[in-house]
Amino acid sequence: MYSNPSKGLYRKFVIDSGRLAGAILFGDTRGSDAVMAAIKDKKDVSACRDRLAQLDFDFSRV
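For the sequence shown, our numbering assigns the number 1 to the initial residue and increments by one for each residue that follows.
Rather than coming from a laboratory, the hints here were simulated on the basis of the structure. Fair warning: there could be bad hints in the mix.
[Stated by the list, open to error] Cβ-Cβ distance ranges computed for the label pairs, FRET-style:
| no. | residue 1 | residue 2 | range |
| --- | --- | --- | --- |
| 1 | C48 | L9 | 13 to 23 Å |
| 2 | D44 | M1 | 11 to 21 Å |
| 3 | D41 | S6 | 33 to 43 Å |
| 4 | D58 | S3 | 14 to 24 Å |
| 5 | S6 | D44 | 32 to 42 Å |
| 6 | K40 | S6 | 31 to 41 Å |
| 7 | M1 | R61 | 17 to 27 Å |
| 8 | S3 | A34 | 19 to 29 Å |
| 9 | I24 | D56 | 12 to 22 Å |
| 10 | I24 | C48 | 17 to 27 Å |
| 11 | S6 | K42 | 28 to 38 Å |
| 12 | A21 | S60 | 12 to 22 Å |
The beta carbon of each residue, even a glycine, is placed where N, CA and C say it ideally should be.
Assemble the whole structure, with the sequences as input and the hints as a guide.
Following this line, the structure appears as structure tokens:
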């Protein structure tokens, strides 16, 4: 989870059995298409789960 209320930013990711199952993005939604694709394709994010909420994380590489 990433939260910066003063900038109106919030990111939270739901992981189920190592796979991306859901996401909430408020404010900066860059990469949202890649996030949705990762959820739809049930991508394994276990190796990068600690970095998911970073604003510069590149979901297209998952």
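inquiry  = Taking the earlier hints as the rules, which of them does this structure contradict?
reply    = No numbers; nothing is violated.
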